[in-house]
Each structure stands twice: as C-alpha cells, then as structure tokens.
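Protein chains in written order, with the working numbering: chain A, 1 to 179; chain B, 1 to 87.
Keep in mind that the hints were calculated from the coordinates and are not lab data. Computed from a predicted structure; not experimentally measured. Check the hints yourself; a few may be wrong.
Derived pair list, reagent style DSS-like, types lysine-lysine, alpha-carbon separation capped at 27 Å [to be verified]:
1) A/75 <-> A/38
2) A/42 <-> B/84
3) A/65 <-> A/49
4) A/128 <-> B/84
5) A/128 <-> A/75
6) B/84 <-> A/75
7) A/150 <-> A/65
8) A/128 <-> A/49
9) A/49 <-> A/75
The following label-pair restraints were derived from C-beta to C-beta distances [stated by the list, open to error]:
10) A/131 <-> B/44: 53 to 61 Å
11) B/38 <-> A/67: 39 to 47 Å
12) B/34 <-> A/30: 20 to 28 Å
13) B/76 <-> A/115: 45 to 53 Å
Where a beta carbon is used, it is the ideal one built from N, C-alpha and C, also for glycine.
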Amino acid sequence: MANLVALSPCEGLLPQTIGAVTIAEIDPGPVTAILPFKGQDKAVGEALKSALGLGFPAPGRSQSKGGARAIWVGKGEALLMGAACPDLAGAACVDQSDAWCVVEIVGDRAEDVLARLVPLDLRASQFKRGHTARTLLGRMTASATRSGAKAFEIMVFRSMAETLVEELTRAAGAVAARG
Amino acid sequence: MRIPCPICGTRDRREFTYQGAAELLRRPAPDAGDAAWDDYLHNRDNPCGEARDLWFHEAGCGAWLVVERDTATHEVMGAELAEKVAS
Numbered sequence: 001m002a003n004l005v006a007l008s009p010c011e012g013l014l015p016q017t018i019g020a021v022t023i024a025e026i027d028p029g030p031v032t033a034i035l036p037f038k039g040q041d042k043a044v045g046e047a048l049k050s051a052l053g054l055g056f057p058a059p060g061r062s063q064s065k066g067g068a069r070a071i072w073v074g075k076g077e078a079l080l081m082g083a084a085c086p087d088l089a090g091a092a093c094v095d096q097s098d099a100w101c102v103v104e105i106v107g108d109r110a111e112d113v114l115a116r117l118v119p120l121d122l123r124a125s126q127f128k129r130g131h132t133a134r135t136l137l138g139r140m141t142a143s144a145t146r147s148g149a150k151a152f153e154i155m156v157f158r159s160m161a162e163t164l165v166e167e168l169t170r171a172a173g174a175v176a177a178r179g
Numbered sequence: 001m002r003i004p005c006p007i008c009g010t011r012d013r014r015e016f017t018y019q020g021a022a023e024l025l026r027r028p029a030p031d032a033g034d035a036a037w038d039d040y041l042h043n044r045d046n047p048c049g050e051a052r053d054l055w056f057h058e059a060g061c062g063a064w065l066v067v068e069r070d071t072a073t074h075e076v077m078g079a080e081l082a083e084k085v086a087s
C-alpha cells in the first residue's frame, strides 16, 4: 500500500517575511461550497444559523463563529471553512477541501503590497474587517478578505498557488525596496 | 472604465468580460420563423452613442450584467442584472 504524504498548496514556498510584511499559508480545514437553490436563501441561512451559529453571508461579507467561517465568494455562493457542513436540504454543497490555497499577508505594508496587485481600494476606510471581495490579484481571480487591522487573507485555486506566492513576494520586494 | 456591478459595487473593467449586444436576451419564440431567427442570430446595430451590452463579471461575483454605456464618450450610465432584464 502506497504511503501518501499530504502536501499543502504552498508547501516549501511559505512562510516568507519581506520588509514589513509576512506571508504565510493558512490551513482552512474542511472547505465546503454552499449554493442555495432558487428561493432557498433564507431557509439555508437559518439552517446554518441553528447548526453553526453563523448565517449565509451577504455579498462582500464574511462571518465567523468559533472556528467556523462563512465567506461570500460569488452570486449565490459562499464557502464554509473550518467546520463540517451541516445537512442543508435547500442547497448544493460541494466539498472543496484541498482545492483552495489560502494565504495570509500581515504587516504594516500589507495594504501597499496588495495595492500593486488588486484593482480595488482595500484601505481600512473602505474595506473593513470581515469585508470580502472577489477580484483580481495580478491576472488571477482571487478572493480577498480583511482579517485584521494589518492583515488580509487571500484565496486562489490550488493550481495557482505558486503564481500567487510569486506575485505576492515580488510585490512585497518592490514595496520594501522603496523603503 | 468602471462598471457599477449591482452586487459588488463599482469595479474596474479588467474584472469583466464583454459578450455583445443585450439583444441576445430577446430570444424569439421557437416558431417565430427564419427571418426573426436570422435577425436574432446575425444582425446587430453598431451604434455611435448609447448602447446596451452584456458583460460577465468574471473576476467578481459571476453575474451577467446589462451595461448601458455610450460608445462615443465611453461614459457608463449604469448596469443591471441580466436575469432581471430577461425575466
């Protein structure tokens, strides 16, 4: 029997500290995409609420409760992370564990680094803690969530992990070089 | 150029993919006849001025939008969800 070794998407690439930012991989735990069927949004939100204490997030928002998080990732779609998906009759639930690469970028210059890559105003006055957006990072589609005053969580598809690390480290290097 | 997505807010054009005239949403009945279907499939206006186009918010929420814009001035007047226009 083959002995399989689990590798995370950014295995061997992260963490890295460049100038005033640290880029590190995050293990999101189980990830489930939840897509409520037509007209079932409310029922799915209530079922989530009673099972995990968090609802279905509104567009551009994320919620967390204990270790579980729900992040809006598109029209009629959210990702439940860090908790097993409860039985939801009114929604399509797809296990996407291991399909996403999740990276956190933390530091005084995190906003400046992302400003070089993301065509969106991510400053704290516009993009507050818990806010999330589907947008571009370089040429990749990505999900960006503010996880703290100086911290962002970036998610891309697993196949793009290496490109994500390259884009982030190159931008961080450029920001650091300017002092 | 920025497009005001009804779901995500105003976003850069890079996040969107252009499809074509919003005429596409006005599909004729199956028995409408060859002329109507020929017109639907092949004939488009080429306006200098106000136009209604379909755009896909590919790098955002994934919604199809009908965007009203001016092809002469590049002004974007507004956008609404294609599902609301079509229904």
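Tested hints:
1. A/75 <-> A/38: Holds. Residue 75 of chain A to residue 38 of chain A sits at ~12 Å (cutoff 27 Å).
2. A/42 <-> B/84: 20 Å, holds
3. A/65 <-> A/49: Given pair residue 65 of chain A, residue 49 of chain A holds - Cα atoms ~10 Å apart, limit 27 Å.
4. A/128 <-> B/84: Roughly 30 Å separates the two Cα atoms, so the pair is violated.
5. A/128 <-> A/75: Holds, at about 21 Å.
6. B/84 <-> A/75: 14 Å, holds
7. A/150 <-> A/65: 21 Å, holds
8. A/128 <-> A/49: 23 Å, holds
9. A/49 <-> A/75: Holds, at about 20 Å.
10. A/131 <-> B/44: 53 to 61 Å: With a Cβ separation near 39 Å, residue 131 of chain A and residue 44 of chain B fall outside 53 to 61 Å, so the hint is violated.
11. B/38 <-> A/67: 39 to 47 Å: This hint is violated: roughly 59 Å between Cβ atoms.
12. B/34 <-> A/30: 20 to 28 Å: 54 Å, violated
13. B/76 <-> A/115: 45 to 53 Å: Because 23 Å falls outside the window, the suggested range is violated.
Violated hints for the displayed structure, listed by number in ascending order: 4, 10, 11, 12 and 13.
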